[in-house]
Amino acid sequence: RKEVEQDPGPFNVPEGATVAFNCTYSNSASQSFFWYRQDCRKEPKLLMSVYSSGNEDGRFTAQLNRASQYISLLIRDSKLSDSATYLCVVNFANAGGTSYGKLTFGQGTILTVHP
Amino acid sequence: DTAVSQTPKYLVTQMGNDKSIKCEQNLGHDTMYWYKQDSKKFLKIMFSYNNKELIINETVPNRFSPKSPDKAHLNLHINSLELGDSAVYFCASSPLTRSGNTIYFGEGSWLTVV
Numbered sequence: 001r002k003e004v005e006q007d008p009g010p011f012n013v014p015e016g017a018t019v020a021f022n023c024t025y026s027n028s029a030s031q032s033f034f035w036y037r038q039d040c041r042k043e044p045k046l047l048m049s050v051y052s053s054g055n056e057d058g059r060f061t062a063q064l065n066r067a068s069q070y071i072s073l074l075i076r077d078s079k080l081s082d083s084a085t086y087l088c089v090v091n092f093a094n095a096g097g098t099s100y101g102k103l104t105f106g107q108g109t110i111l112t113v114h115p
Numbered sequence: 116d117t118a119v120s121q122t123p124k125y126l127v128t129q130m131g132n133d134k135s136i137k138c139e140q141n142l143g144h145d146t147m148y149w150y151k152q153d154s155k156k157f158l159k160i161m162f163s164y165n166n167k168e169l170i171i172n173e174t175v176p177n178r179f180s181p182k183s184p185d186k187a188h189l190n191l192h193i194n195s196l197e198l199g200d201s202a203v204y205f206c207a208s209s210p211l212t213r214s215g216n217t218i219y220f221g222e223g224s225w226l227t228v229v
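Keeping their order, the protein sequence lines are chains A and B. Each step along the first sequence adds one to the number in the working numbering, with nothing skipped, and position 1 is 1. Convert by adding 115 to the 1-based position in the second sequence; the result is the number in the working numbering.
Hints were generated in silico from the structure; no laboratory data involved. A virtual CB, placed ideally from N, CA and C, is assigned to each residue, including glycine. Just to be clear, a hint being listed does not mean it is correct.
[Claimed, not checked] In silico EDC-like pairs for lysine to aspartate or glutamate, Cα to Cα no more than 20 angstroms straight-line:
#1 Lys159(B) x Asp39(A)
#2 Lys102(A) x Glu197(B)
#3 Lys124(B) x Glu173(B)
#4 Lys42(A) x Glu197(B)
#5 Lys155(B) x Glu56(A)
#6 Lys156(B) x Glu15(A)
#7 Lys182(B) x Glu168(B)
#8 Lys102(A) x Asp153(B)
#9 Lys182(B) x Glu139(B)
#10 Lys124(B) x Glu168(B)
[Unchecked claim] The following label-pair restraints were derived from C-beta to C-beta distances:
#11 Asp39(A) x Asp153(B): 39 to 49 angstroms
#12 Arg41(A) x Met130(B): 41 to 51 angstroms
#13 Glu3(A) x Ala187(B): 24 to 34 angstroms
#14 Glu5(A) x Gln129(B): 33 to 43 angstroms
#15 Ser52(A) x Tyr125(B): 38 to 48 angstroms
#16 Asp133(B) x Ser81(A): 21 to 31 angstroms
#17 Glu5(A) x Leu142(B): 23 to 33 angstroms
[To be verified] Negatives, chain B to chain A, calculated, CB over 10 angstroms:
#18 Glu139
#19 Gly143
#20 Lys155
#21 Phe157
#22 Ser163
#23 Ile171
#24 Arg178
#25 Ser180
#26 Asn194
#27 Ala202
#28 Thr217
#29 Gly221
#30 Glu222
#31 Gly223
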């Protein structure tokens, strides 16, 4: 089983649609969680962190379910500029509790928003 | 000002050659990384250095040798390049925190081995 798994898509949605991405992770000791966005031929950039209580940033809502080891990202009112690959990212801690930033990336979910 | 900069951005080279990719960050971060993104778009960590000290070394062929002259620089040297080394190599940096890190990536170096 992959450490971080995502539905690779692609998701093709019209402008204004609501789209949801799911992600599961295998290591129950995972410490922190993120969604990154990667545009074509560009570097990944942080979209948002994911907190246990759920968090929202404008049109983006992230949820974490530690019991099910499941993370989600909801995008409302999709824009053309949302077209990108969305990467689910999990940070595993070492034995000392320090993360050392060993981020493990899912394979990404491709989103295309069309007019 | 570019926060994490890496050079060269594009590199085409023949099998068997030795090449280096340089990386510098001006964010004052303690930790730097090299990630590899293959043709299937998987992004995998290769190495991590904290304040010039190697802390993560994933299963990477020993043809790959990172070097960190100071905490703002992490270079990647690759010996005897193989076709399978063709990929995008991303340098990154982050502050070292206990609760998790946001990491900042460079723009990537597209390596093609022919």
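Each hint tested on the structure:
Taking the CA atoms of Lys159(B) and Asp39(A), the gap is near 17 angstroms; set against the 20 angstroms cutoff, the hint holds. Between the alpha carbons of Lys102(A) and Glu197(B) the distance comes to roughly 26 angstroms, so the proposed pair goes past 20 angstroms and is violated. The hinted pair formed by Lys124(B) and Glu173(B) fails the criterion: a straight-line CA distance of about 24 angstroms is larger than 20 angstroms. Distance check on the hinted pair: Lys42(A) and Glu197(B) sit about 24 angstroms apart at the alpha-carbon level, beyond 20 angstroms; violated.
Taking the CA atoms of Lys155(B) and Glu56(A), the gap is about 30 angstroms. The hint is violated against a cut of 20 angstroms. Only pairs whose Cα atoms come within 20 angstroms are accepted, and Lys156(B) paired with Glu15(A) is rejected, the gap being roughly 26 angstroms. Taking the CA atoms of Lys182(B) and Glu168(B), the gap is near 10 angstroms; set against the 20 angstroms cutoff, the hint holds. A distance of roughly 18 angstroms separates the Cα atoms of Lys102(A) and Asp153(B); the hinted pair therefore holds under the 20 angstroms criterion.
Note on Lys182(B) and Glu139(B): the hinted pairing holds, with a Cα-Cα distance of about 12 angstroms set against a maximum of 20 angstroms. For the given pair, Lys124(B) sits about 26 angstroms from Glu168(B) by alpha-carbon distance, which is inconsistent with the 20 angstroms threshold. Restraint check, Asp39(A) to Asp153(B): a C-beta distance of roughly 18 angstroms breaks the suggested window 39 to 49 angstroms. Our hint of 41 to 51 angstroms for Arg41(A) and Met130(B) is violated, since their Cβ atoms are close to 24 angstroms apart.
At roughly 30 angstroms, the beta-carbon separation of Glu3(A) and Ala187(B) lies within the given 24 to 34 angstroms, and the hint holds. As the Cβ distance of Glu5(A) to Gln129(B) is approximately 37 angstroms, the hint placing it in 33 to 43 angstroms holds. In this structure, Ser52(A) and Tyr125(B) meet the distance hint of 38 to 48 angstroms, their C-beta atoms being roughly 42 angstroms apart. Remark: the range hint 21 to 31 angstroms for Asp133(B) to Ser81(A) is contradicted by a beta-carbon distance near 41 angstroms.
Between Glu5(A) and Leu142(B) the beta carbons are some 31 angstroms apart, a value that agrees with the proposed interval 23 to 33 angstroms. The Cβ of Glu139(B) sits about 15 angstroms from the closest Cβ of chain A, beyond the 10 angstroms cut-off, so the non-interface label holds. For Gly143(B), the condition that its CB be more than 10 angstroms from all CB atoms of chain A holds, with the nearest at approximately 15 angstroms. Distance to chain A contradicts Lys155(B) as a non-interface residue, since its nearest Cβ pair spans about 7 angstroms, not more than 10 angstroms.
The non-interface label for Phe157(B) is inconsistent with chain A: the shortest C-beta to C-beta separation is roughly 5 angstroms, within 10 angstroms. A beta-carbon of chain A is positioned within 10 angstroms of the beta-carbon of Ser163(B); the least distance is around 6 angstroms. Not every Cβ of chain A is farther than 10 angstroms from the Cβ of Ile171(B); the closest lies at roughly 6 angstroms, contradicting the non-interface assignment. For Arg178(B), the condition that its CB be more than 10 angstroms from all CB atoms of chain A holds, with the nearest at approximately 22 angstroms.
Every CB of chain A lies more than 10 angstroms from the CB of Ser180(B), the least distance being 20 angstroms, so the non-interface label holds. For Asn194(B), the shortest C-beta to C-beta distance to chain A comes to about 25 angstroms, beyond the 10 angstroms cut-off, and the non-interface label holds. Residue-level check passed: Ala202(B) sits 13 angstroms from the nearest beta carbon of chain A, beyond 10 angstroms. Annotated as non-interface, Thr217(B) brings its C-beta within 10 angstroms of a C-beta of chain A; the closest such distance is 5 angstroms.
With a closest Cβ-Cβ approach of about 6 angstroms to chain A, Gly221(B) is found to fall inside the 10 angstroms limit, against its non-interface label. Non-interface status of Glu222(B) relative to chain A is broken: a Cβ of that chain comes within 10 angstroms, the nearest being about 5 angstroms off. Remark: the non-interface label on Gly223(B) conflicts with the geometry, its nearest Cβ contact in chain A lying 5 angstroms away (cut-off 10 angstroms).
Hint violations for this structure: numbers 2, 3, 4, 5, 6, 10, 11, 12, 16, 20, 21, 22, 23, 28, 29, 30, 31, all remaining hints satisfied.
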